[in-house]
Amino acid sequence: MIVLAVVLPFVAAALAPLVHRLIGDFTGWVVALVPLSAFIALWPLLERTAAGEAIHVAWPWAPSWGLELSFLIDGLSLVFALTIAGVGAFVLLYSGAYLKGHRQGRFLGFLLAFMGAMQGLVLADNLVALYLFWELTSVASFLLIGFDHTRQAARRAAIQALVVTGLGGLALLAAGVAIYAIAGAWELSAAGDLKGNVAYPLLVGLVLLAAFTKSAQLPFHFWLPNAMEAPTPVSAYLHSATMVQGGVYLVARMTPHLGGEAIWNLTLMGFGGVTLLWGAIAALRQTDLKQMLAQTTLASLGLLMLLLGAGTEMAVTAAVLYFIAHALYKAGLFLVAGAIDHGTGTRDITMLGGLRDAMTVSFIGTIMASAAMFGLPPLIGFFAKEEMYAALALGQLESLLALAALVLGNGLLGAVALALLIKPFMGQVLPTPIEPHEAPVAMLAGPVVLGVLGIFLGFIPVLAGQLAVAPATSAILGVSVETHLKLGVDLLGPAFWLSVVTWALAIGLFLRLDLARSLLRRAATAIGWSFDIGFDWVYFGIVRFAGAVTRLLHHGRLELYLFLVFALLVVAAIGPLWVLDGLPRGPQVLDLRFYEWGLVALAVLGVATVVHARSRLFAILALGVQGLAVALLYLVFGAPDLSFTQFMVEILSVVILALVMTRLDLDSADPRPLEDWARDGGVALLGGVALTMLLWAVIEGPLDLRLSTFFNANSVPIAHGHNIVNVILVDFRGLDTLGEISVVMTAGIAILALIRSARRDKPIEPAPLVEPPAKRRAVRKAAP
Amino acid sequence: MNSLIFRTIAPLLVAVMLVFSVFVLLRGHNEPGGGFIGGLIAASALTIYGMAMGVAAARTALKAHPLAYAGFGVALAGLAGVLSILFDVPFLTGLWTSFTFDGAEVALSTPMVFDIGVYFVVFGTITAVALALEDSGGGV
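Going down the list, the sequences are from chains A and B. Just so you know, we're using my numbering here: the first sequence kicks off at 1 and counts up by one. Just so you know, we're using my numbering here: the second sequence kicks off at 1 and counts up by one.
The set of hints was computed from the structure by calculation and includes no laboratory data. Quick caveat, the model's predicted, so the values are computed rather than measured. Cβ coordinates follow ideal geometry from the N, Cα and C atoms, glycine included. You can take every hint at face value.
Label pairs and their in silico Cβ distance ranges:
(1) B/15 <-> A/635: 23 to 31 angstroms
(2) B/57 <-> A/709: 46 to 54 angstroms
(3) B/11 <-> A/580: 53 to 61 angstroms
(4) B/75 <-> A/580: 40 to 48 angstroms
Sample of chain B residues lacking proximity to chain A, with all beta carbon distances greater than 10 angstroms (derived):
(5) 7
(6) 11
(7) 13
(8) 15
(9) 22
(10) 53
(11) 57
(12) 63
(13) 100
Generate coordinates for the entire structure from the input sequences, incorporating the hints supplied.
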């Protein structure tokens, strides 16, 4: 089933464009079979996880690093995986119709890859695999949000989502490595309790940063509404079942390892509560159907975080219930929003009205979804709401604060639910850009089936509790939990009366919706700043900073680059010697023969000539003389191979240097001002001294002969060669040589490209970073 | 370099250098020499040819672009390593075989093939750079 759930979507993603080319508009129907088969394969496992079993599957991945591609199916991951597969099937079916004749193959491919990544994320047990799939969901959502990449807004939203969630991804990677360092295993199931560790606050910080960016908690919430630039099916999928729930999943998954401490609980409740109210209020302000839904998603994610933060058995049960309810109604509402857009040409609720006759099926779907969002009994949304109120009704101050946030937030969400149902469908018919018509079957299947499911689940709370909710709650809490859900309403309990308050609040707000909206709009204009603008500040600030750093360091002045390189070489050579007190004692008695003295003298003579040479060609030749003297030294001291090579290199470098120098348009005289001259001369002298000291220190130390002995003993028996240098190059270290010759060739290609670009008649505009030599010379001439 | 003596002697010199480079290449495993130095000698030969007869003539004599030689060299060296797959030993393990030809024993080995690859890379790259520089610089 892992293969079906995780691998098959990726394979199907690669094949989707081909399938689309073969069968055209039916692609949606075909690719929807992929999540459907995953759903069918995963479904029977419900009974096993309900019995408290955790199914562990692993394949060797990188055995030498102790990595296994391991997956864990327990109550929690199964609920998520089933939701992803179930909603995914309808979304794929829907996309086929929604994007008729519009690069559909590629779109469905991205969507399938997204699904595979998400399945991998919720099923992975290995921390590295978890991180990998986490980042894959970010990449896949980047492609999907920016799918309409000819529009600037879509590109910006895609980049924003990638940057924000990528930041969280890095935090997750760090958390994974830290957990490995503490627990000694890459498997999360083997990590155990991490609360007693000194690194606990750090782990909490990293995990929550990852979860908050992914699940769009304040202050990282701004990318999610912008992600509405994506085509509607993506929004439906992203918001109901997939990526934004990744953070919720992570928090739930980490609860047994990290949860229970005050820092964890209070952080989650605080950020969750604020996000809940923020999203719910922001939703009232919007008139665009998709924007309204996006803001309510923010609110719902905050609500889930709050419940997970509360961390009691009932609160977690409520979170699981709410997750299921939310996935069902949010997917349905998004799909209907797309159908309305498709059928009328607009998504603005102030321009819509009276669609109930023209779009009856969509209307029915919306009724079911809105009722769940509003929390009417006996829909599953109602039970989720009852459970969360009951969980927090008795408790400390922070519980009561959370309860107040929940009632207020749910009231606001209820008002939005009413607006979504009543504004477009009831009242008098308003003129729309397109004559309203019902969407095709493929687009209606999702809202209707998901809506019916929401009602159906509400009628079987006992069974749902046993099969899905209790196992998931047990997995989150790390202890076995029995379900206490039952069909029926406790009319005397505080939860029901809080529900009544919520409904009253919602209806009251809905009746004053226009007033509330105009007030909120005015407030937003008065503030004039948003987190979205803040993102731009940070983002472009970083770009400008990078530009400034680049201009400072990559100034394009070759002489300064070279000076820096050589100066650092001096420091690197002398510094450690100086600090570690390893300065050489200097020569004792130089016991050289007369011809050896002669060679040294020849080398010195060569260098002296280079310095004093009047013409460049002469200097190059003198440099060659010095090099040849060194080659002769090698020969005298018993390294014929080295000497041979040195001879050839010297000859060729003289030739090539001569070719280069004659090409350059240079003065015959050296026009450097005195300070340049002193600087270059100083660094040259220092470099020479530094390297001499280093070599001296090396020969003064004891010579380690292990390598020489090894190669002496083995070059003939193993490699059949008497020339040790060559044997090392082509046999013992053949892989190094292979790398080196590849580098040589690459460097050759680069040099050719450089020469060719310099040979072009006109320089590339705008002006290059480096001042053209002629211009600089002119300035120099003018200066003194 | 427009010197009659140079232009007369150059082809002879180049021929000798090329033969010598092959000699150096082949004896490398047991005596000073090898692919790197052999390639340098051959590149020098071509550079001299280019100076004497002109870059165009050198390019014609080469038949292919010098960098093609370098690419061939890398591929050859890589293939010498890949051959080890057939014998189920790690990549780049030296494989040896020998046969008798005209009374002398001739050894064939993958390190030698590898060294020939190195020869071509060095020869091709250096020649390419030198010829390109001569092209635009108009000779010394």
